[in-house]
Each structure stands twice: as C-alpha cells, then as structure tokens.
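Asks: The primary structure of each chain is shown beneath.
4 protein chains.
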Amino acid sequence: MEKCSHGQEIRTTKRDEKEKKELMNRLKRIEGQVRGIQKMIEDDRYCVDILIQMSAIQAALKKVGFQLLERHTNHCVREAIEAGTGDEAIKELMEVFKQFSK
Amino acid sequence: MEKCSHGQEIRTTKRDEKEKKELMNRLKRIEGQVRGIQKMIEDDRYCVDILIQMSAIQAALKKVGFQLLERHTNHCVREAIEAGTGDEAIKELMEVFKQFSK
Amino acid sequence: MEKCSHGQEIRTTKRDEKEKKELMNRLKRIEGQVRGIQKMIEDDRYCVDILIQMSAIQAALKKVGFQLLERHTNHCVREAIEAGTGDEAIKELMEVFKQFSK
Amino acid sequence: MEKCSHGQEIRTTKRDEKEKKELMNRLKRIEGQVRGIQKMIEDDRYCVDILIQMSAIQAALKKVGFQLLERHTNHCVREAIEAGTGDEAIKELMEVFKQFSK
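Residue numbers (full-length UniProt numbering), protein chains in the order written: chain A, 1 to 102; chain B, 1 to 102; chain C, 1 to 102; chain D, 1 to 102.
In isolation and in its complexed conformation, chain A is listed as follows:
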C-alpha cells in the first residue's frame, strides 16, 4: 500500500508508473485542447463553437479529478481509517469534494 506522507511541508503520495502515464496522457490532451481554444480565438471562430469545445475540456478535467479522488479515497483515506486517524482524512475528503463539485 502506497504511503501517504503528511509530515513534511509538501505532502506526497507514491504513484506507480502505469497510473502516472495514464494521468499524464490525459493532461497532455487537455493541454492540447486549451491550445486549440486559443487557435479558435485567433481565427475569430463563433463563440458557441468555442464554448462547446470548452465544455469538452471541463468534462475531461472532471474525469481526471474523479480518477484522483477515487485513488485518494482508496489509498490515503483508507490508510488513515485503518490507522485510526480517519476523522481528519474524511473531513479533508468532504472539503475537496465540495470544492470540486462547484
């Protein structure tokens, strides 16, 4: 089980290469989509067509977000509950969920 270390200032969590690769591919695609929007602005493209592309980016971001949320719950929150320090981890989980579902 990956160790979620909270002690130091910068909190870390060890991810395996497969998971990292998958997240990076998605984020690279999102980066490309953002550049695509820039191009549409330069080309004076119709607002509605741009807005449809932006909704696609929001959906892609949400997908990455839920992947991270599920991973976090499965690893760090579970670890904390098993170690008897679940209260804080659950409170943090709820805060990030509220933030993320705005």
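Hints are computed from structural coordinates only; laboratory data are not their basis.
Computed from a prediction, not measured in an experiment: that's the story for all the values here.
Each residue gets a CB set at the ideal place from its N, CA and C atoms; glycine is no exception.
One or more of the hints may lead you astray.
Result set (PhoX-like, lysine-lysine): computed pairs, CA atoms no more than 20 Å apart in a straight line [to be verified]:
{"no.": "1", "chain 1": "B", "residue 1": "K63", "chain 2": "D", "residue 2": "K102"}
{"no.": "2", "chain 1": "B", "residue 1": "K39", "chain 2": "A", "residue 2": "K39"}
{"no.": "3", "chain 1": "B", "residue 1": "K39", "chain 2": "B", "residue 2": "K98"}
{"no.": "4", "chain 1": "B", "residue 1": "K102", "chain 2": "A", "residue 2": "K62"}
{"no.": "5", "chain 1": "D", "residue 1": "K18", "chain 2": "C", "residue 2": "K28"}
{"no.": "6", "chain 1": "C", "residue 1": "K21", "chain 2": "C", "residue 2": "K62"}
{"no.": "7", "chain 1": "D", "residue 1": "K39", "chain 2": "D", "residue 2": "K28"}
{"no.": "8", "chain 1": "A", "residue 1": "K39", "chain 2": "B", "residue 2": "K102"}
{"no.": "9", "chain 1": "C", "residue 1": "K39", "chain 2": "D", "residue 2": "K18"}
{"no.": "10", "chain 1": "C", "residue 1": "K102", "chain 2": "A", "residue 2": "K63"}
{"no.": "11", "chain 1": "B", "residue 1": "K102", "chain 2": "C", "residue 2": "K63"}
{"no.": "12", "chain 1": "D", "residue 1": "K20", "chain 2": "C", "residue 2": "K62"}
{"no.": "13", "chain 1": "A", "residue 1": "K102", "chain 2": "B", "residue 2": "K18"}
{"no.": "14", "chain 1": "C", "residue 1": "K39", "chain 2": "D", "residue 2": "K62"}
{"no.": "15", "chain 1": "C", "residue 1": "K28", "chain 2": "B", "residue 2": "K62"}
{"no.": "16", "chain 1": "D", "residue 1": "K91", "chain 2": "A", "residue 2": "K91"}
{"no.": "17", "chain 1": "B", "residue 1": "K63", "chain 2": "B", "residue 2": "K18"}
{"no.": "18", "chain 1": "A", "residue 1": "K62", "chain 2": "B", "residue 2": "K62"}
{"no.": "19", "chain 1": "D", "residue 1": "K28", "chain 2": "C", "residue 2": "K39"}
{"no.": "20", "chain 1": "B", "residue 1": "K98", "chain 2": "C", "residue 2": "K21"}
{"no.": "21", "chain 1": "C", "residue 1": "K21", "chain 2": "B", "residue 2": "K102"}
{"no.": "22", "chain 1": "D", "residue 1": "K62", "chain 2": "B", "residue 2": "K102"}
{"no.": "23", "chain 1": "B", "residue 1": "K102", "chain 2": "D", "residue 2": "K102"}
{"no.": "24", "chain 1": "B", "residue 1": "K102", "chain 2": "A", "residue 2": "K20"}
{"no.": "25", "chain 1": "D", "residue 1": "K20", "chain 2": "D", "residue 2": "K63"}
According to the in silico footprint, chain B covers these stretches of chain A (three or more CB under 8 Å from chain B) [stated by the list, open to error]:
{"no.": "26", "region": "43-55"}
{"no.": "27", "region": "78-88"}
Starting from the known structure of chain A, fit chains B, C and D onto it as the hints suggest.
Replies: Just chains B, C and D now, kept in the frame of chain A:
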C-alpha cells in the same frame, strides 16, 4: 456591430484586438496551470493538493466561458433578434447554457 | 407578446394557462419528492439511496429552471432588445445564469 | 457505531434523533420553499425573481446532500473499511459523488 456570419461551414465572429488579447492571456494562464498539474503528478504530489489546483483551473475556464457567453448574447443573439431571426439564436443559446452548466 | 413590467416593486410577467399548468405540475411533483425524502429519513433509509433521490430532485429543479430561463429570454429579453433596452436585460440574464449554474 | 445493514432489500442505517430532527427541519424548509415557487408562478411573478429563489432551493438541497454524504462516509464507508470490505463501499461512494456533482 460585429458581424456574426453563419452562412459558410466555419462560423465566425469578428472580435476586436483588446478582447482577443484578454481572452488569450487567460487561456495562456490556464495552459500553464495544466502544465503545473502535470508537474505535480510527476513529483508524486498529494492528490488533495492536486485537486485543489484543478478546481482553480475549472473556475478559470468557467470565467472565460461566461465572458464568451455574455459577448455572444450581446452581439450575435442581439443581432439575430433585431434582424427578426431571434428564435434560432435563442434556442442555440439555451443549448449552450445547458451544456455549459453541467 | 406578454408584457414584462418592471416599473413597480414586484416585477411580473403574464403567463398563459397552459404554461402555468405545466410548471405547477412539475413543481407539485418536486414537492412530493421532497416529502418522499423526509419519509426515507424517518424510515432510517440508507444514505446512498436517499442521495440518489435527491439527485433526481436537483435534475427536476434544473429542468424547471431552464424552462423559465428559455421563456424569459424569448419574452422579456427579446422585448427589451427590440425596445432598445437590451443591455440591462442581457446583463441580468448573465447574472441569473451564473447563479443558476453553480 | 450505527450498523449499516445491506443484507435485506431495503438498506437502512440507524440515525440518532438529533440528526433526524436537523435533517427533517431542513427538508421541511425546502418543501416550503418549493410551495413558495408555486405561489410565485400563480402570481405571474418575473422569471428572474423565481430563478433566484430556485437557486436558493438548489443550494439548500446541496447542503443536505453534503451532510448525508459526510455522515455516510463517516459511518458506513468507515465501518466497511474497518471490516475489510472497503472496496465496494468506496466504489459506491464515488458513484454517488459523480451523481451528486452533476
């Protein structure tokens, strides 16, 4: 009043330089934020800290979206209503509202 | 075209009976769904099952909201644009849209 | 620790009276707000004013939802993790997260 031309395959709408510059600055910043998330993944950063950054990107995207939406309503939808072809423009506006508020 | 009167303190807009009936039916159903949630709480029903019902109420509310938004744009915003007072009506439309898409 | 029983068809979870009372008060208020919207429709009230009230209902529903979500995570998900059956409970929690943040 900018002309929103729908005739051809690729719909366009003429934006002034000031507006373009503002939109591009915001989109460049969002692009940088997405690269920042990629760095956090590479550095095995804690999921919750990454999710908080992702919420900031979603908020920034929403801001750009609302800016485009207001501009579109003020120009293209208004033009269509004044030209007596408002029905289709309003219908399209509602579709984009729904898409964008998911 | 229904008259959207803004002069007095309480702003009104004349709706036809068919539209009123449809809106009221939906709102009565939503009222019933809220009472259904109360019953589930009394019966100590499992949180996840209650949350799924609550999502259904949120979706139903959103539908009514979009119906009102479309009607408002088609009547009051269109009227204001045709009367040359579109700026304020569009600004108000964007404010309500931001509020509604939180 | 309340027992979250999944065995039978209707899943239940025992809530204490204080929590029930708080949830019921909120839900009664929401029920009253929905009836308030009905009255506004009958009185031909301006769409924007109705939409603002509807956003208040959505916010109130979201608050009740987060309360249930936090309680569920603190009780049923924690119980499942401690009993070594966390996988299913976490999967279910993510499904409800997704549903609820639409």
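Asks: Evaluate each hint against the coordinates.
Replies: Each hint tested on the structure:
| no. | hint | in the structure |
| --- | --- | --- |
| 1 | B/K63 with D/K102 | holds (19 Å) |
| 2 | B/K39 with A/K39 | violated (24 Å) |
| 3 | B/K39 with B/K98 | violated (33 Å) |
| 4 | B/K102 with A/K62 | holds (11 Å) |
| 5 | D/K18 with C/K28 | violated (29 Å) |
| 6 | C/K21 with C/K62 | holds (18 Å) |
| 7 | D/K39 with D/K28 | holds (17 Å) |
| 8 | A/K39 with B/K102 | violated (25 Å) |
| 9 | C/K39 with D/K18 | holds (16 Å) |
| 10 | C/K102 with A/K63 | holds (19 Å) |
| 11 | B/K102 with C/K63 | holds (12 Å) |
| 12 | D/K20 with C/K62 | violated (27 Å) |
| 13 | A/K102 with B/K18 | violated (30 Å) |
| 14 | C/K39 with D/K62 | holds (18 Å) |
| 15 | C/K28 with B/K62 | violated (33 Å) |
| 16 | D/K91 with A/K91 | holds (18 Å) |
| 17 | B/K63 with B/K18 | holds (17 Å) |
| 18 | A/K62 with B/K62 | holds (13 Å) |
| 19 | D/K28 with C/K39 | holds (11 Å) |
| 20 | B/K98 with C/K21 | violated (24 Å) |
| 21 | C/K21 with B/K102 | violated (27 Å) |
| 22 | D/K62 with B/K102 | holds (15 Å) |
| 23 | B/K102 with D/K102 | holds (6 Å) |
| 24 | B/K102 with A/K20 | violated (28 Å) |
| 25 | D/K20 with D/K63 | holds (15 Å) |
| 26 | 43-55 | holds (count 12) |
| 27 | 78-88 | violated (count 0) |
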